[in-house]
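There are 2 protein chains.
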Amino acid sequence: MNPQDLAPVLIGGAWRPAAAVDAFSASNPATGQTLAERFPVSDWSDVDAALDAAVQAFAAMQMLPAERLAGFLRSYAEHLEARAEDICATAAAETGYPVSPRLKDVELVRTVDQLRQAAAAAVDPGWRLPVIDARAKICSVLEPLGPTVVFGPNNFPLAFNGVSGGDFAAALAAGNPVIAKAHSSHPGTCRRLAECAQQAAQKTGMPPGTVQLLYGLRRPDGLRLVSDPRLGAAAFTGSRTAGMSLKTAADAVGKPIYLEMSSVNPVVILPGALAERSQEVVNELVTSALMGTGQFCTNPGLVLLIDGADAQAFLAAMAQRYRSAACGTLLSKGTQQGLMAGIQALTRAGASVVCGNQPAARPGWAWANTLLSVSGQQFLTAAKALQTEAFGNATLAVVAADSAQLVELLAHCEGNLTGCIYSAQDGRDDVLYDAVARVLRPRVGRLLNDKMPTGVAVSPAMNHGGPFPATGHPHFTAVGLPAAMRRFTRLACYDNVRPHRLPPILRGSAAPGRP
Amino acid sequence: MNPQDLAPVLIGGAWRPAAAVDAFSASNPATGQTLAERFPVSDWSDVDAALDAAVQAFAAMQMLPAERLAGFLRSYAEHLEARAEDICATAAAETGYPVSPRLKDVELVRTVDQLRQAAAAAVDPGWRLPVIDARAKICSVLEPLGPTVVFGPNNFPLAFNGVSGGDFAAALAAGNPVIAKAHSSHPGTCRRLAECAQQAAQKTGMPPGTVQLLYGLRRPDGLRLVSDPRLGAAAFTGSRTAGMSLKTAADAVGKPIYLEMSSVNPVVILPGALAERSQEVVNELVTSALMGTGQFCTNPGLVLLIDGADAQAFLAAMAQRYRSAACGTLLSKGTQQGLMAGIQALTRAGASVVCGNQPAARPGWAWANTLLSVSGQQFLTAAKALQTEAFGNATLAVVAADSAQLVELLAHCEGNLTGCIYSAQDGRDDVLYDAVARVLRPRVGRLLNDKMPTGVAVSPAMNHGGPFPATGHPHFTAVGLPAAMRRFTRLACYDNVRPHRLPPILRGSAAPGRP
Chain A
1 MNPQDLAPVL
11 IGGAWRPAAA
21 VDAFSASNPA
31 TGQTLAERFP
41 VSDWSDVDAA
51 LDAAVQAFAA
61 MQMLPAERLA
71 GFLRSYAEHL
81 EARAEDICAT
91 AAAETGYPVS
101 PRLKDVELVR
111 TVDQLRQAAA
121 AAVDPGWRLP
131 VIDARAKICS
141 VLEPLGPTVV
151 FGPNNFPLAF
161 NGVSGGDFAA
171 ALAAGNPVIA
181 KAHSSHPGTC
191 RRLAECAQQA
201 AQKTGMPPGT
211 VQLLYGLRRP
221 DGLRLVSDPR
231 LGAAAFTGSR
241 TAGMSLKTAA
251 DAVGKPIYLE
261 MSSVNPVVIL
271 PGALAERSQE
281 VVNELVTSAL
291 MGTGQFCTNP
301 GLVLLIDGAD
311 AQAFLAAMAQ
321 RYRSAACGTL
331 LSKGTQQGLM
341 AGIQALTRAG
351 ASVVCGNQPA
361 ARPGWAWANT
371 LLSVSGQQFL
381 TAAKALQTEA
391 FGNATLAVVA
401 ADSAQLVELL
411 AHCEGNLTGC
421 IYSAQDGRDD
431 VLYDAVARVL
441 RPRVGRLLND
451 KMPTGVAVSP
461 AMNHGGPFPA
471 TGHPHFTAVG
481 LPAAMRRFTR
491 LACYDNVRPH
501 RLPPILRGSA
511 APGRP
Chain B
516 MNPQDLAPVL
526 IGGAWRPAAA
536 VDAFSASNPA
546 TGQTLAERFP
556 VSDWSDVDAA
566 LDAAVQAFAA
576 MQMLPAERLA
586 GFLRSYAEHL
596 EARAEDICAT
606 AAAETGYPVS
616 PRLKDVELVR
626 TVDQLRQAAA
636 AAVDPGWRLP
646 VIDARAKICS
656 VLEPLGPTVV
666 FGPNNFPLAF
676 NGVSGGDFAA
686 ALAAGNPVIA
696 KAHSSHPGTC
706 RRLAECAQQA
716 AQKTGMPPGT
726 VQLLYGLRRP
736 DGLRLVSDPR
746 LGAAAFTGSR
756 TAGMSLKTAA
766 DAVGKPIYLE
776 MSSVNPVVIL
786 PGALAERSQE
796 VVNELVTSAL
806 MGTGQFCTNP
816 GLVLLIDGAD
826 AQAFLAAMAQ
836 RYRSAACGTL
846 LSKGTQQGLM
856 AGIQALTRAG
866 ASVVCGNQPA
876 ARPGWAWANT
886 LLSVSGQQFL
896 TAAKALQTEA
906 FGNATLAVVA
916 ADSAQLVELL
926 AHCEGNLTGC
936 IYSAQDGRDD
946 VLYDAVARVL
956 RPRVGRLLND
966 KMPTGVAVSP
976 AMNHGGPFPA
986 TGHPHFTAVG
996 LPAAMRRFTR
1006 LACYDNVRPH
1016 RLPPILRGSA
1026 APGRP
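As given, the protein sequences belong to chains A and B, one line each in that order. The letter at position 132 of the first sequence is residue 132 when you use the working numbering, and the numbering goes up by one with no holes. Position in the second sequence counted from 1, then plus 515, gives you the working numbering.
I should point out that these hints are in silico values taken from the structure, not numbers from a laboratory. Among the hints, a few may not be true.
[Said to hold, decoys possible] Calculated lysine to aspartate or glutamate pairs in the EDC-like style (CA-CA distance at most 20 Å, straight line): (1) A:333 to A:310; (2) B:652 to A:408; (3) A:451 to B:791; (4) A:137 to B:965; (5) B:966 to B:743; (6) B:966 to A:133; (7) A:203 to A:221.
As the structure is a prediction and not an experimental result, all values here were calculated from the model.
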C-alpha cells in the first residue's frame, strides 16, 4: 500500500499523505461497482496530529470576532456553489441519489442555506444567552467547548456531512474547529467538500486546523478520539450500535457527545381521518415512506391504525402502492444487509409480510418495497423487537384492536425523533387525539399533525432531537439555529472579574439580559 | 425490626410505614453519639410505589397553570419559616453546624429565598425559550421531563437538601414531581422538611406524590431508580465515587442525570497580589478554607503560588493561622475518614504536611486544620493524585518554580466548579493574568477575581457547574434561576399542530420569540 496512491488527509491546514494502516474504496450503489478513488484508514498518529492542530486552531479562533467565523461560512457556501457539478456528480456515484431532483436541487441548496443561516446566527450574540447581574458583579455566557469531531451519516452526503452539514455548521458557528470523520460510503464527496472548506478557510484567513478531514479510523481509535482530553465535544449521526459505543466511551470521561441514533417515527392515523380522506393519507404516507428509498432519519417506519374495514382498505391500498412503486437504490451493501436484518427481526417478533421482502429486479443494492403488519396484541408481547429500525424502504403497520389498545401501544414506544397524528378535520377524533397526544408527546422530539415527518425544515423552531434512544439527551436539537449551536458550548460565569478582562459581550453595565 | 419503630416514608401523598429491609440512625457529629430517631432502608417496592405515584402526579401537574406550582413553592417557604426552630435544631444535632449564625440565619434564609425565586421564575414563561415560526407553522418550547429524583449532599442540610434545596426547587418549578432521597447523615432534617412540603402541597391542592421522601436505599436499588423508564431525570450532589456509579447506570439508558461530584477549586495568587496585600489575601483564604470546617463544594482546596520570599511568608502566615484557628466539627465519621484518606493520598503523591494532619483536641468528629505543600515539579509528576479532594479543613499549596511552570500546572488541572485569580491592583500582574486565565477559564465553571469561591450567590448569572469531573456536563448549572430549571426539561417541537391543541405559551401568532 503506497500512501501516494491514497487520497490525502486534511490536517493542520494542509493536505498530506495519511499515516495509513489500511485502505478502502466506495462503491456505486446503483451498479455495485467499486469506485476508483482509494482512501486511507488512518493510524492514531493522524488523529493525534489533528487534535493538536485543532487545539491550536481553537486558541486562535477564540481571538477572532464572530464576523470572521461568519465570513468563513459564507465563503464556504460560495465555494460549494461554484463546485456544485463536481460535488454532486461524485455524491451521485457514491450514494445512488440522483443529481436532480435530489442532490443539486435540494440537498446542496439546503447545505449552503444552513451554512449561511449559521453565519447569520454566529453574529447575533443573543444565542449565547448572556446574563449580567450588575449588582452582584456576576455575569455568564455560553462559550465554545473546543475541538469538535463530527461523524456524519450515510444518508445525507451533503446536508449532514461531517465536513459541511448541520453539526459542522453549528459547531463552527459556535466557535469550534471541526475534525470531520468521513462516512465510508461517500469519502470522495467528503474530500471535495473539504477542499472547498479549506479554500474558504485560506481565503478568509482562518487558522490552520479550523477544518480537518480524516477518512477511516480503526474502531478503538474512534473511541479514543471521543474521549481524548483535547476534544471539546463529539457529534454523531448513524446506527444505534455505533452510536452507543461512542457514547459509552465519551460518557465514561464526561465528554459531551450528541448523538442521533435511530428512530421509527410512529404515524398514528385516527379513524375519522381514515373515513374522511383515506386515499389522501395513503398518498402522503407512501410518498414519505419510499422517498429516498426510505433512507431518512425521520422515515415513517411504524404506522398505527385501529382495526376495521377502513383500516384494512387503507393497508390494501398501501400494499398496492408498495408493489407498483419503483424500487429505489439503497446506499450500500451494508444498508441492504441492515434492512434485511431489520425486516427479519420484525418477522421473528411476529410481523407478517404483506408485500415485498424479496430481491428487487434491478442492479446494484436494492430490496423490494416491503410492508409488514402485526396486531396490537402481538405488538404488546414483543414491543421492543417490533420497534427495530429497518432502515430503508420497509414499513410496519400495527393494527390495534380498539382505541384503548392504540393508546396502550404508544405507551410502549421508545423515544423517537418524530410522532405524527392524523385526525379528522370535523373534530370527531378530538377526544381520542388528546389521549393519543398525551402519551406520544413525551416520547418524541417533534409532534406533527396531518403531515408526514420526512421534511425537516431549517427553522429556528425545529427540533431534530428527541428522547433516548433516538438521541442521547432530550434537551438538544441537531437542526434549528441557533439552538443547535448551544450543544457545542459550556456555561462560563465571571464573578467579580475586572470589567476590562470580561469578554466584550459581558462588558456593558446594561440591565440584566433575559436569563 | 418493627416498621412502627421507624420513621415513615412519604409516598403518594401519605406518610406510611416503609417496606424496610434495614434501619439506621444519624449521629451527632459534635459528640459522636447516636441519635434516637430510627429510619428505614426501603425495599424496592417503596421505590416502585413512589415512581408510580410520581407518574400520576406528573400527569396531573401538567394540567396545572404555573401559578399553582408557584403557590405551592411560596406556601412551602412559609411553612419552613414557621417551623424554623425545630428544623434548625434537628439539623444542628445531625450536622454539628451551629443554629446561629449558620443554619437559621444563613442557610434557612437562603433555602426559602431559593424557593421564592423558583416560584417567581416558574410564572415568567420566558425561561422555557419558546420559539414560534409562524410562517413554517413550527414552534417549540422546553417542557418538563417528568418525575425527578434528587440525591442531596451531606454538607447543606437545608439549601441543597433533596427535599428543599436548589435542585428540588428547580425541578419542581420546571413542573416535575420530586422523589427526594434523604442523605443518611441528616434524615431527621429531611423528615421535618418533607412534612412542611407535604403540608404545603395539601394546602395548595397539589396532586399526591408531588413531593415524596425515601430515607435509605440499597445500592442496586439506587442504580435501578436512576435508570427506571418512569423517571424523567436525576440530580445528585456528593462524592465522585457515588456520582460515577449513578452516572454510569443512567447514561447506559440515556436518562438525563445532573451531577455535582467533586472540586478542588484552584486559587492562583499572582506575585503582584502577594507583594501588595499578602496579609489581606491570607485572611480571605483562611476564612474561606476553614469556614464550615472546609465542607463546601467550592472550598479552596488547591492554592497556587510562584516561589519566592513572598510566597514562603504567605505559607508561613497561612500555617500560623491554621494552627491557631479553632478546629471545627466534621459532618460524620465517614467525612472524617474521607478527609484522612484524602490527605493520605496527597502525601503519598509527594505532598508535605506543613501543619495539622493529627487528631483534633475536641470530642466528636474532627481533624486538625491541615496545610500541605508540594513543589510545582512534583505536582507535574503526579498531577492527578495531587488533585484528590480532601473534603474538609485541609488545603494543598503548590509552589511553582516560575510563571511558565504556574501556567503549565494549570494546564494539568481537571474540571472544577470554580477558579480564582488574585492579581495586583496596579496592573503589574496583567500579562501573567492573561496567560493564567486563558488556561484556567475552560477548566472551571466560574472564574473569580480577587475573591474566594465559597459564596455561591443565588443570582440569575450564577454558574454552579463546570467541566467533568466537577459535574457530568459543562452546559448546565445547579444554581441560578431560571437556568437551573432548564436541566429538567426536554425540547418539545410542534409541527403543523392545530392551534387549539398547542400549549397556551405557543398559541399566539406573535413574531418569533428570541430563539
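A quick look at each hint next to the structure:
1. In summary, the hint linking residue 333 of chain A to residue 310 of chain A is not supported, as the alpha carbons are separated by about 38 Å, beyond the 20 Å threshold.
2. Proposed proximity of residue 652 of chain B and residue 408 of chain A is contradicted: the alpha carbons are some 29 Å apart, above 20 Å.
3. The straight-line distance between the Cα atoms of residue 451 of chain A and residue 791 of chain B is roughly 69 Å, outside the 20 Å bound, and the hint therefore fails.
4. For the suggested pair residue 137 of chain A and residue 965 of chain B, the alpha carbons sit about 12 Å apart, so the restraint of at most 20 Å is met.
5. Pair hint residue 966 of chain B plus residue 743 of chain B does not hold up; C-alpha atoms about 42 Å apart against a cutoff of 20 Å.
6. About 17 Å separates the Cα atoms of residue 966 of chain B and residue 133 of chain A, which keeps this hinted pair within 20 Å; it holds.
7. Between residue 203 of chain A and residue 221 of chain A the alpha-carbon distance is near 32 Å, which puts this suggested pair outside the 20 Å criterion.
Violation of the numbered hints given earlier is confined to hints 1, 2, 3, 5, 7; the remaining hints are satisfied by the structure.
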